[in-house]
Amino acid sequence: MKNRERWHALGFISPALAGLSVFTALPVALAVIMSLFDWPIFGDREFTGLGNYRTLLTESPDFWPALRNSILFTVLYVPANLTVALVLALLLGPRLRGRAVFRVLFFIPVVTPMVANALVWKLVLQPEGLLNGLAGEWFGITLPSFLADRNWAMIAIVVMSVWAGMGYNMLVLTAALEQLPTSVLEAARMDGAQGRHLLWRVTLPLISPAIFFAAVMTIIGSLQVFAQPQLLTGGGPGNSTIPLVMFIYDTGFKFQDLGLASAAAWLLFVLIIGITALQFRAQRRWVHYEH
Amino acid sequence: MRKWGSALTALVMTLGVGACSSGGSSDGKTTVVWNMWSGDTESEQKLKEQMAVAQAAVGADITIELRTAPWADFFTKLNANMASGKLACVTAMNGQRLTDYTAAFEPLTDADLTTMGISRADYNPGALSVMENDGKLYGLPYDTATMFLFYNADLFTKAGVTPPTNSWTIADFETAAKTITEKTGVKGFAVSLDEFQWLSLPMARAGKQPVNESGKLALTDPAFVDAATWYGDLVTGQKVSEAVPSASETGWEVTQFQNGKAAMIIDGTWQAATYTADELPFDGGAVRLPSGTAGPFGVALGSGYGIAKNCEDKDAALKVLGALAGRAGEDLIAKQGNHPAQTGSQEGYFASLPDGKREMLTAAFRAGFQGASAQRVTAEWTQVATAMPNELVTVYTGQGSMADALGNLQTKFGK
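Which chain is which? The protein sequence lines are A and B, in order.
Here the first sequence stands for residues 1 to 291, numbered as in our numbering.
Here the second sequence stands for residues 292 to 706, numbered as in our numbering.
These are calculated hints, taken from the structure and not from any lab test.
A couple of the hints might just be wrong.
Mimicking DSSO-like on lysine-lysine, the simulated pairs with C-alpha atoms at most 27 angstroms apart in a straight line are [claimed, not checked]: (1) K339(B) to K626(B); (2) K339(B) to K320(B); (3) K254(A) to K706(B); (4) K474(B) to K449(B); (5) K703(B) to K320(B); (6) K552(B) to K474(B); (7) K469(B) to K552(B); (8) K499(B) to K469(B); (9) K507(B) to K254(A); (10) K377(B) to K254(A); (11) K254(A) to K703(B); (12) K648(B) to K337(B); (13) K530(B) to K474(B); (14) K337(B) to K377(B); (15) K449(B) to K648(B); (16) K368(B) to K254(A); (17) K254(A) to K427(B); (18) K626(B) to K254(A); (19) K368(B) to K600(B); (20) K337(B) to K320(B); (21) K648(B) to K552(B).
Keep in mind it's a predicted model, so treat the numbers as computed, not measured.
Full structure from sequences and hints, please.
Pasting the structure below:
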């Protein structure tokens, strides 16, 4: 009987297992192999051992800047995203009338294709765009060319990304806020907790599992950022906004070096796994699962 | 390992594609896939007309199947097809990018040309060079192009400036751009981030290409740096052009020109009919590139079709290639408004131009190819061209010098 159940279970999970094997496990394994070869898109492949990793770490002029850009984007984007999402979730609390409408409005950018989002933001940020037009008309000043200026390009990408991505975390945190145990909140109020004190000492610790989930997923997503810089700045000016995934894409599909691209993809994978592991270790200190 | 590698790469990169694109036989009939770029319904329709002509020429035993992708995605798709060994039997190739793809194409022999009914004498001397690499011919060009200076005649009239001519010099260009900017409030020129759209004027001013005769990258050649610095100064110093708003805005100058926000731009001869069309809100004109002190200078560009190495039926592919790039195909290309590579079809192109523009454009084409030499590229040219916009943007915003931008590219790709 037990054996039969095992077969049934295997039967049920086999479609998912097959998909996972073909679409995830196999490409991942292949990427490991490819990263050890000089693997052009067309032509002879040659085993180079760790040569691609050495090239990336010591010779490639764009790898370190790309890694720096991905980390810089993450450092700027994740706190901004979580803060905005949390503020929105708190503002759209149960007392606010029509909060469902606001939630939908804030969530729309999440489900809008990134190309459309980027086009709108280009119209806002370019020198002849909305922002500069208003600044000129109202204050008589000329703003920098946000998408072409070394000091502003990354900030512009982060701002656009926060606008496009905040809705998802807002929804996660709203769900957590709505499930807060009323008895605990009432007890805290009876003990005199209110306002900022109630938020920092009671509410936030209670939703810390949701914050942890949002933080982990947002960091993973931001280390994989690609579409926003590709569409808004093309990685420029110079190499100031080329993230690691764009470096991988260019190396593999434009410059036809699949081996080097696979090695870079593996380094990114290790970085993401490492940071996620650190977060899981650190969660013991600040995430409270028991109510 | 290689065999397994190929199989695995194929699996990873073609999941979901599935269908064979390299052509094959069934029921005694052969299907030959023709892969070409196409940006819109109109160009797709033109390709279908070309396919119909080629289909009639090759007969019923061969079926031609057209597959297209937009220009921006074409080479990425090509790379995926190459990795999986599924390159279409007859594949379009741009002359500037050929160097990256020679391994995927079958070199054509004189016997192949004979089989296709093509003679080298059908082309201007040097016209075949756009599909040549290291002395081998990798395909047949279907068009021959160079770069033109396009202008908005209405803005010239408004500023009281005589419109450009085919004997214009760089100094004439500069004076006109300044005068138009001052007198009309519209910028006299729009700089570019695109490969030849920006390189052409510095090349014409310096009288040399950024790749030397030995095939080495020469972006830091003092004469070229000087000419390129002058080009960047059109934005930051002379202010006759706006700065391009971001490195992702390749093609920005086209919008500026077509919207009447710039009086002149540099673009390929393939745009001649578009930029002089009656539908534009202004009277558009075209002349050859202004000359530098060394005289007329330009590069011959073009695209063509080659036969994939993985093609199973090379004979059938040769027939299709001969039909697409042969005389009948070229005549149709000319009639559709593209300047064909075969000299015999070129008169048809001029005849297809609108009456009011024919004389001007014919003169521009005749003058445009004078002093045009084959474009030289390095093995890393695609990487150089990809990195150029990002460096140029810093020059246009005034945050970096042209010498530094070119130096960065030379350091990265000039080893």
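Here's how the hints hold up against the structure:
1. The suggested pairing of K339(B) with K626(B) holds, with an alpha-carbon distance near 14 angstroms, which does not exceed 27 angstroms.
2. Distance restraint check for K339(B) and K320(B): the Cα-Cα separation of roughly 20 angstroms lies within the 27 angstroms cut-off, and the hinted pair is therefore satisfied.
3. With a CA separation close to 19 angstroms, the supplied pair K254(A) and K706(B) stays within the 27 angstroms bound.
4. Between K474(B) and K449(B) the CA atoms are separated by roughly 8 angstroms; this keeps the pair inside 27 angstroms, and the hint holds.
5. For a cut-off of 27 angstroms, the pair hint linking K703(B) to K320(B) is broken: about 50 angstroms separates their Cα positions.
6. A threshold of 27 angstroms between alpha carbons decides the hint, and for K552(B) with K474(B) the separation of about 14 angstroms falls inside it, so the pair holds.
7. Distance hint between K469(B) and K552(B) is fulfilled; the C-alpha atoms sit about 14 angstroms from each other, no more than 27 angstroms.
8. Between K499(B) and K469(B) the alpha-carbon distance is near 25 angstroms, which keeps this suggested pair within the 27 angstroms criterion.
9. Proposed proximity of K507(B) and K254(A) is supported: the alpha carbons are some 21 angstroms apart, at most 27 angstroms.
10. Between the alpha carbons of K377(B) and K254(A) the distance comes to roughly 18 angstroms, so the proposed pair stays at or under 27 angstroms and holds.
11. At most 27 angstroms may separate the alpha-carbon atoms for a hinted pair to count; K254(A) and K703(B) meet this at roughly 16 angstroms.
12. Distance hint between K648(B) and K337(B) is fulfilled; the C-alpha atoms sit about 22 angstroms from each other, no more than 27 angstroms.
13. A C-alpha spacing of about 13 angstroms is found between K530(B) and K474(B), which places the hinted pair at or below 27 angstroms, so the restraint holds.
14. Taking the CA atoms of K337(B) and K377(B), the gap is about 25 angstroms. The hint holds against a cut of 27 angstroms.
15. Using a Cα cut-off of 27 angstroms, the hinted pair K449(B) and K648(B) holds, with the two alpha carbons roughly 21 angstroms apart.
16. This hinted pair checks out: K368(B) and K254(A) have alpha carbons roughly 10 angstroms apart, not beyond 27 angstroms.
17. Pair hint K254(A) plus K427(B) holds up; C-alpha atoms about 24 angstroms apart against a cutoff of 27 angstroms.
18. The hinted pair formed by K626(B) and K254(A) fails the criterion: a straight-line CA distance of about 34 angstroms is larger than 27 angstroms.
19. A hinted pair counts as satisfied when its Cα atoms are at most 27 angstroms apart, and K368(B) with K600(B) qualifies at roughly 17 angstroms.
20. Using a Cα cut-off of 27 angstroms, the hinted pair K337(B) and K320(B) holds, with the two alpha carbons roughly 25 angstroms apart.
21. Taking the CA atoms of K648(B) and K552(B), the gap is near 22 angstroms; set against the 27 angstroms cutoff, the hint holds.
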